[in-house]
Amino acid sequence: MGNKIPLERVDANRWRIPRHYDKNMHVSGMVYADDELMELILGDNALQQVANVASLPGIVGHSLGMPDIHWGYGFPVGGVAATDAESGVISPGGIGFDINCGVRLLATDLHYEQVKGRVENLADVLFKRIPSGVGGDGMRVLSRDEMQSVMLQGAGWAVAEGYGVPEDLEMTEEQGCLQGALPEAVSQQAWARGRKQLGSLGSGNHFCEIQIVDHIYDQHAADTMGIGRKGQIVATIHCGSRGFGHQVAEDYIKLAESKQKDYGFELPDRQLACLPLQSREGQAYLGAMKCAANFAWANRQLLMDGVRTSFAEIFGRKARARDLPLVYDVCHNIAKMEEYEIDGEMKRVCVHRKGATRAFPPGHPALPEKYQAIGQPVLIPGDMGRYSFMLVGAQGSMEQSFGSCCHGAGRRMSRTAAKKAVGSKELLEMLEKKGVTIRVHSKNLLAEEAPQAYKDAQQVVNVVHNAGLASLVVRLKPIVVVKG
Amino acid sequence: MQRKPYEVFEHTADIGISAFGTTLAELFIHAAQGMESVMVAPEQIHETMSCAISVEGHDHIALLISWLNELIFLFDTEYLLFRSFEITAITDNHLEGRATGERYDRERHDLGSAVKAATWHEASIERRDNGYQARIILDL
Numbered sequence: 001m002g003n004k005i006p007l008e009r010v011d012a013n014r015w016r017i018p019r020h021y022d023k024n025m026h027v028s029g030m031v032y033a034d035d036e037l038m039e040l041i042l043g044d045n046a047l048q049q050v051a052n053v054a055s056l057p058g059i060v061g062h063s064l065g066m067p068d069i070h071w072g073y074g075f076p077v078g079g080v081a082a083t084d085a086e087s088g089v090i091s092p093g094g095i096g097f098d099i100n101c102g103v104r105l106l107a108t109d110l111h112y113e114q115v116k117g118r119v120e121n122l123a124d125v126l127f128k129r130i131p132s133g134v135g136g137d138g139m140r141v142l143s144r145d146e147m148q149s150v151m152l153q154g155a156g157w158a159v160a161e162g163y164g165v166p167e168d169l170e171m172t173e174e175q176g177c178l179q180g181a182l183p184e185a186v187s188q189q190a191w192a193r194g195r196k197q198l199g200s201l202g203s204g205n206h207f208c209e210i211q212i213v214d215h216i217y218d219q220h221a222a223d224t225m226g227i228g229r230k231g232q233i234v235a236t237i238h239c240g241s242r243g244f245g246h247q248v249a250e251d252y253i254k255l256a257e258s259k260q261k262d263y264g265f266e267l268p269d270r271q272l273a274c275l276p277l278q279s280r281e282g283q284a285y286l287g288a289m290k291c292a293a294n295f296a297w298a299n300r301q302l303l304m305d306g307v308r309t310s311f312a313e314i315f316g317r318k319a320r321a322r323d324l325p326l327v328y329d330v331c332h333n334i335a336k337m338e339e340y341e342i343d344g345e346m347k348r349v350c351v352h353r354k355g356a357t358r359a360f361p362p363g364h365p366a367l368p369e370k371y372q373a374i375g376q377p378v379l380i381p382g383d384m385g386r387y388s389f390m391l392v393g394a395q396g397s398m399e400q401s402f403g404s405c406c407h408g409a410g411r412r413m414s415r416t417a418a419k420k421a422v423g424s425k426e427l428l429e430m431l432e433k434k435g436v437t438i439r440v441h442s443k444n445l446l447a448e449e450a451p452q453a454y455k456d457a458q459q460v461v462n463v464v465h466n467a468g469l470a471s472l473v474v475r476l477k478p479i480v481v482v483k484g
Numbered sequence: 001m002q003r004k005p006y007e008v009f010e011h012t013a014d015i016g017i018s019a020f021g022t023t024l025a026e027l028f029i030h031a032a033q034g035m036e037s038v039m040v041a042p043e044q045i046h047e048t049m050s051c052a053i054s055v056e057g058h059d060h061i062a063l064l065i066s067w068l069n070e071l072i073f074l075f076d077t078e079y080l081l082f083r084s085f086e087i088t089a090i091t092d093n094h095l096e097g098r099a100t101g102e103r104y105d106r107e108r109h110d111l112g113s114a115v116k117a118a119t120w121h122e123a124s125i126e127r128r129d130n131g132y133q134a135r136i137i138l139d140l
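Residue numbers (the working numbering), protein chains in the order written: chain G, 1 to 484; chain X, 1 to 140.
FYI, nobody ran anything at the bench for these hints, they're computed from the structure.
It should be emphasised that the depicted structure is a prediction, and the values quoted were computed from it without experimental measurement.
Any given hint could be a false lead.
Claimed, not checked - Straight line, CA to CA, 20 Å or less: simulated EDC-like cross-link-like pairs of lysine to aspartate or glutamate: (1) G/259 x X/105; (2) G/254 x X/122; (3) G/254 x G/269; (4) G/259 x X/56; (5) G/254 x X/56; (6) G/128 x X/105; (7) G/261 x X/92.
Claimed, not checked - Some chain G residues close to chain X (C-beta under 10 Å, calculated; not the full set): (8) 117; (9) 203; (10) 249; (11) 250; (12) 366; (13) 414; (14) 420; (15) 423; (16) 425.
Ideal placement from N, C-alpha and C gives every residue a C-beta, glycine not left out.
All chains, full assembly: derive it from the sequences and hints.
Next comes the structure, spelled out in structure tokens:
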């Protein structure tokens, strides 16, 4: 499918889609992959989507594809695009439905030896304490005033309500709150969807995993993060803004779509519909998106509290932040206003990260003091059978990719194909053999997330490491997976 | 040959439905049945309660996406699954209808996939000699 597209090899890890490929492209495309990953990428239409994104008005630099790239709606998943803050656009589809879907990792001071006899027990308690699946409410049903506070304050609201400690905020991208949220730009439907879902995982690829530190690539960085002991137990939460973010995205994609003619935009895919950043509608979307991003941070804060409480219940700890500190929280579906040097000039741009993670290098002013010397922690969940990774942002990301890198392993099979390829019973047995304990509401949904449905995350992170966007710190192996 | 009211197709990202209807109203009903079937097989859904639905859209595709998203909204907020649909009024920009079904029950309903949104990606409605054909990709 994607093999009609001319690809120019730049180096071992980069491929260019030349601008002349399509007259609508304002910039060229740049895709990060080695030979093997490129084979997989050519299996779907993701490269055409990289080219389509290059037609967004006001796009600067390159339309970027990370090595976990795969076919999405409009934007590819694993795509990055920066648009000029003054003359450019914002595309709600370029942030995605699950606004501020992201990952956080917390460390424990436990070693696998202390946990291995109680894994089943731990899995049961996590499953009980962390609402997941469909058809149930979250940990906290919100009043109208509370909902408004969540939209405006994000994770800070959750901490003020007793879910966690102020130190958690310091270890969260943007301190867990984007300033400038506009609750008045959020529809009544979105309010209704968010009200009952705070503190819930939902379904799909979201999860809570207990993992062990399995391999250390960079001892100094791992020690700085407090995850430098082989066999150490950590917990990862992957979730976003639930139905609230979906409704915000739906509302504004529909609005943008209805305005394309008025703005004189002609984009190759209706899901790419966009709004000028400086228009009233563009600013309203940005304000609504911030509400959803803040909701997602509060959501992960509540879920983390559920993990801490579960550990306390099993291991008799008080689950203080000191015992289970938050290492870092990153988002991978978001738009951010940031500054980069483009053609020798500092420019303010709107960076769309659709399935891509911020990866700021050492010394970046947005990083907490703790990480100034090593760079921003970058969490890359793999699949539930193999491994996940922690990296740190590197200087190359500022020069090449608007401070961004990959976000996961990336799908290689559709959800339907995954279900056909492996039965849920067979999958559960396979995971059990690998030493992974699973708790899941819907076995059908579990098969959609089978390890073989994903690319090898090791190959993906090797590419971003070798390309200088981020560098490897530790590899993590799952022992407990809780899903919807 | 009788056209199938709807079919579910595979897509790298997720899943899609293609629906057929001799009229626009029938097309919308079949698309809704197709989408609900991705979640739970229709024979498992009892018809115990119904909801009135009213949506707007700037063209037929916008209207279809809004109609499907409204059903997803009702699943996400009230946990409602639907089996049968009625459309009482439909114009180029407005739809009035009713959906009948019941509340999702984890014990009784075998959930296939949880649909989170109807997308605009490759969305189409085509006029055919004998009716309308639509394709919509769903976000799971």
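Looking at the structure, which of the earlier hints fail to hold?
-> Numbers 1, 8, 12, 15, 16 - these are the hints that the structure violates, sorted from lowest upward.
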